[in-house]
Amino acid sequence: MASLPSQHPSLSLHLSDVTLTPLITSAASQSHLESLTSLTSGALSSQTAALRLGLGRPTRLMVEYPDRGPVVLNSYLDPRDAAASSSATATTDSRPASSGQHGHGAAQVGATTPSASDSSGNTETGKGGDDAISEDAAPMLIGVVVAGSADDTKEARRAAARLERVGRDFQREWIAENQGHEDGPE
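The opening residue of the sequence shown carries number 0 in numbering that gives the first Met the number 0; numbering runs sequentially from there.
Heads up, a few of these hints could be off.
Ranges between beta-carbon positions, derived for each pair [unchecked claim]:
#1 Gln178 <-> Ser28: 37 to 43 Å
#2 Asn177 <-> Arg67: 43 to 49 Å
#3 Gln178 <-> Ser34: 34 to 40 Å
#4 Gln29 <-> Asp66: 28 to 34 Å
#5 Ser37 <-> Arg67: 20 to 26 Å
#6 Asp66 <-> Gly179: 49 to 55 Å
#7 Asp66 <-> Glu154: 15 to 21 Å
Keep in mind the hints are simulated off the structure, nothing from the lab.
Quick reminder that beta carbons are idealized off the backbone N, C-alpha and C, glycines included.
Whole structure, please, built from the sequences with the hints as guidance.
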């Protein structure tokens, strides 16, 4: 886990929970950490906006700046998806379906169907969506990967996929540990 940032020295990597507590980060200074934390906070705001617009729960968001500038990849690791993937192994393509160019940046959002959260009986109204998840559930995680230029987009996608795998492993271990505690003292 700790070696992930060293495998991608030209990128900034950050994995944190919704309280903005970093689990993995490549930040080498306090200002770098604050910048990555700010990007994570912005990613959470984007997720909230997508939910409010009825677009469903986003899985990834990609922001590209003009003139082959920086690229920011956000990954949303919802614990409900980790629980589902622990019972069924499904692979997903980490590439967005289309790329749009809008103004100074382009955003690409991959979202689950709007009714995906409803099928589990959870509602995402009132308190921003995350409160509908059980207290015993694994934490929602947000991955942020920043590439200095569009030339590094391919490496950034690979790093984001690796960061997602690490985050999903963490969530699966959290779920397994909590299920062990639930089953034990009855």
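Against the structure, test the hints numbered earlier, and report the numbers of the ones violated in rising order. The structure conflicts with no hint, since it agrees with every one listed earlier.
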